[in-house]
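Those protein sequences? They're chains A and B, same order as listed.
Position one of the first sequence corresponds to residue 1 (my numbering), numbered consecutively onward.
Position one of the second sequence corresponds to residue 429 (my numbering), numbered consecutively onward.
Worth double-checking, as some hints may not be accurate.
Using 30 Å as the maximum straight-line C-alpha spacing, the simulated BS3-like pairs for lysine-lysine come out as follows [to be verified]:
| no. | chain 1 | residue 1 | chain 2 | residue 2 |
| --- | --- | --- | --- | --- |
| 1 | A | LYS168 | B | LYS507 |
| 2 | A | LYS92 | A | LYS40 |
| 3 | A | LYS94 | B | LYS570 |
| 4 | A | LYS94 | B | LYS711 |
| 5 | A | LYS94 | B | LYS456 |
| 6 | A | LYS352 | A | LYS318 |
| 7 | A | LYS40 | A | LYS280 |
| 8 | B | LYS510 | A | LYS40 |
| 9 | B | LYS508 | A | LYS231 |
| 10 | A | LYS185 | B | LYS711 |
| 11 | B | LYS507 | A | LYS94 |
| 12 | A | LYS334 | B | LYS591 |
| 13 | A | LYS96 | B | LYS656 |
Restraint ranges, calculated between C-beta atoms of paired labels, are given here [as the list claims (entries may be wrong)]:
| no. | chain 1 | residue 1 | chain 2 | residue 2 | range |
| --- | --- | --- | --- | --- | --- |
| 14 | A | ASP173 | B | LEU584 | 44 to 54 Å |
| 15 | B | ALA611 | A | SER287 | 16 to 26 Å |
| 16 | A | TYR383 | B | GLY607 | 41 to 51 Å |
Because the hints were derived from the structure by calculation, they are not lab data.
Think of the CB as a built atom: it goes at the ideal place given N, C-alpha and C, for glycine as much as any other residue.
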Amino acid sequence: METFKEFFSFSDPSIVSVVVGAVLLTASSAVVGTFTFLKKKALVGDAVAHSVLPGICLAFILSGTKNPIWMILGAFLTGWISLLIIDHITTKSKIKEDTAIALILSVFFGIGILMLTNIQHSGNAAQTGLDSFLFGKAAALVGKDLIVFGIVAVILIVTVGLFFKELKLIAFDSNYARALGIPVKWIDLLLTSLTVLAVVTGIQAVGVVLMAAMLITPAAAARFWTNDVFKMTLIAAVMGGISGLSGAYVSYVAPAMPTGPWIVMIISAIAITSFFIAPKRGIFARSIQQRRLQRLIMDENLLKELYHLGEKDEDPYKGRTVNEIIEERFFPRKALKVALRRLKRQGFLVKKNGYWSYTEAGKVKGQRVVKLHRLWELYLSKYMKIAPDHVHEDAETVEHIITPELEAQLERMLEYPEFDPHEEKIPY
Amino acid sequence: MDAVYIILTSSLFAISCGLLGCFLILRKMAMVGDAISHAVLPGIVIAFLITGTRDSFEMIIGAALLGILCTFLIEFFNKKAKLQTDAAIGVTFTSLFALGVILISVFAGQVDLDQECVLYGEIAYVPIDLWISDSGQNMGPKALYVSALTLIVNILFIRVGFKQLYLTTFDPAFAATTGISVALWNYLLMGSVSMTTVAAFDSVGAILVVALLVAPPATAYLLTDNFKKMMLITCGIAIIISILGYYLAVLLDGSIAGAVVTVAGILFGLAYLFSPSSGILLKRINQKKEAEKLAMPKV
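Kindly produce the complete structure, drawing on both the sequences and the hints.
This is the structure in structure tokens:
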């Protein structure tokens with residue numbers, strides 16, 4: 001608790017710089033990741049992340065120092081090459097994209113590991129800490145490095161801001177974007193460069209192995225909260241920033257700990273919680289919605305069948321047993337009883353000595369479903385020229401979703417017809 | 429002798445991975461293989477903490493369970509939360525792998541695993557870790573036995589289930605109509621991928637296993653259209669990369685696993701350029717010939 005207060009009071013200027021750095025890096029990669037996510041290229045980020053390792057090693061071998069600018073250049077180079085090769089393999093050969101990604105990612109990483117171990121065994125003293133690129137070390141982000149990486153992060157965010165409209169368009173509909181006269185190729189190239197840059201900067205905090213998560217996970221989480229791309233980008237940035245902040249904290253409390261895994265754990269926890277509880281798109285909300293719809297369909301079908309029974313006896317209010325209903329149309333017995341009780345509670349049905357019958361409201365509702373069904377059948381056969389023996393299935397689903405406005409329009413269009421294509425009376 | 433042990437062990441693992449990889453890449457599930465190889469890590473660490481040893485049956489089970497859990501989670505996020513597949517894979521494996529690395533660093537004192545070993549294994553130590561029988565006789569390196577056993581199990585699995593695996597790979601809809609459970613065979617395949625990954629883990633590490641799963645089959649795929657031939661070529665490539673990789677590592681004084689993967693990448697590059705059936709250079713030459721033929725004036 002003591003360290004918690006110490007950390008979050010930001011009294012130590014080195015804490016401030018580490019926090020600013022970590023938050024900037026994670027937030028900027030989350031912003032770029034939003035667009036790779038929307039383009040369904042999330043795993044490409046994983047490939048780039050692994051492919052920058054040989055570039056970093058190469059930069060070290062050539063320059064002999066851990067100068068961040070050299071590292072960024074080297075990483076940028078091999079990251080780009082890996083993307084070009086993946087693209088070439090998928091377009092020019094029979095190998096599919098997933099195989100190409102897995103292949104390039106692991107081969108580049110293997111080459112990187114070979115170079116890294118070669119450097120480590122060479123006895124060059126300057127190499128210590130090179131392996132912190134594997135799992136990240138936010139605390140190592142001080143002084144000049146911080147300034148360089150910070151600037152790159154800001155450039156990333158600003159560029160996304162400047163080209164926001166174009167990026168959004170190519171993410172959803174690149175053909176439309178082309179038609180509008182947007183240079184799709186260039187914007188694609190821009191997004192790729194941004195992805196590579198985001199990876200290159202993010203690995204300082206997260207490490208190459210888990211960098212993919214910083215591109216994918218905040219965007220995936222944010223997607224569940226909104227349908228608006230701008231809001232989604234903001235939410236992803238905030239979520240990424242929070243995980244970066246906590247990573248910096250871990251790095252401060254336990255300097256030996258790699259920060260990458262912690263940052264990824266935090267952002268994953270946020271994402272998985274979002275998958276479940278987000279309104280509308282979350283798993284819980286979705287299943288509740290589904291349940292409600294199933295119930296509505298069950299209720300309407302039941303009321304409809306009661307109306308059919310009533311038509312046969314020409315007495316809509318006659319009481320029916322559960323068996324009679326099942327004979328008319330099969331419902332699972334248990335579900336049927338639950339639905340009957342529910343409709344009774346809602347005042348659509350009454351029960352007397354085991355016989356179920358309509359109330360006034362129930363008859364109106366049942367009759368409406370039957371009417372919609374038959375109107376739709378007539379519409380399909382009259383306007384869509386579908387044979388009368390093929391229209392039932394479709395009407396069976398559409399009857400539940402026709403709104404009162406559509407209902408009125410159908411009635412007007414068909415001029416309040418008396419009979420449906422099966423010569424059955426349409427009740428009004 | 430050490431060189432022979434190392435090459436033999438890595439060949440056997442590479443063959444196991446390659447055979448499973450043939451199915452993975454044709455199912456378009458190479459990235460799922462990648463995800464599994466990362467996701468088994470927490471299973472390994474937990475099993476390690478419980479049993480206290482590195483080579484135990486529990487570890488294989490723990491990892492296999494995690495691998496299947498990973499497959500299940502990917503499907504769950506994809507189907508239930510309607511998350512696009514690539515993101516579902518990405519979120520699942522990075523979070524499980526992160527959990528594994530955290531467990532390793534938290535229990536650093538109790539677990540004889542470190543982060544580097546997780547990434548690229550320590551096949552160079554294979555000849556040191558010997559299996560000494562009760563009577564004190566030296567039976568050779570342990571990893572060699574593990575790799576041989578893994579290969580035998582995999583070959584048995586593929587032999588017994590070949591028809592089912594083949595059908596569910598090439599025509600899942602038809603397989604389903606003949607009464608083969610596509611989901612069951614999918615989980616069985618993923619289970620074997622996880623077990624193989626774990627067995628090979630000590631030697632080649634999590635990420636380089638992916639290369640063994642993907643690179644030899646992808647190379648073989650460029651050389652033939654026949655599935656059985658593809659599996660045979662994969663085995664050949666597995667042996668070649670192990671031998672060349674070992675000597676490359678000696679030459680550069682670097683990680684053996686890294687070198688094996690580098691060689692695998694080079695072989696793929698060669699096949700990509702020069703394969704008689706689908707190499708891009710040959711294709712280009714053929715296209716040119718065709719163009720010339722078309723351009724010739726009619727006599």
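For each hint, the structure was consulted:
1. LYS168/A - LYS507/B: 26 Å, holds
2. LYS92/A - LYS40/A: Status holds; Cα separation ~20 Å.
3. LYS94/A - LYS570/B: 40 Å, violated
4. LYS94/A - LYS711/B: Since the Cα atoms of LYS94/A and LYS711/B sit roughly 12 Å apart, the hinted pair holds (cutoff 30 Å).
5. LYS94/A - LYS456/B: 12 Å, holds
6. LYS352/A - LYS318/A: Answer holds: LYS352/A to LYS318/A is near 11 Å, not above 30 Å.
7. LYS40/A - LYS280/A: It holds: about 22 Å lies between the C-alpha atoms, which stays within 30 Å.
8. LYS510/B - LYS40/A: 13 Å, holds
9. LYS508/B - LYS231/A: 24 Å, holds
10. LYS185/A - LYS711/B: Status holds; Cα separation ~26 Å.
11. LYS507/B - LYS94/A: Holds, because 28 Å separates the two Cα atoms, which is no more than 30 Å.
12. LYS334/A - LYS591/B: 42 Å, violated
13. LYS96/A - LYS656/B: Holds, at about 20 Å.
14. ASP173/A - LEU584/B: 44 to 54 Å: 50 Å, holds
15. ALA611/B - SER287/A: 16 to 26 Å: At 21 Å between Cβs, range holds.
16. TYR383/A - GLY607/B: 41 to 51 Å: 44 Å, holds
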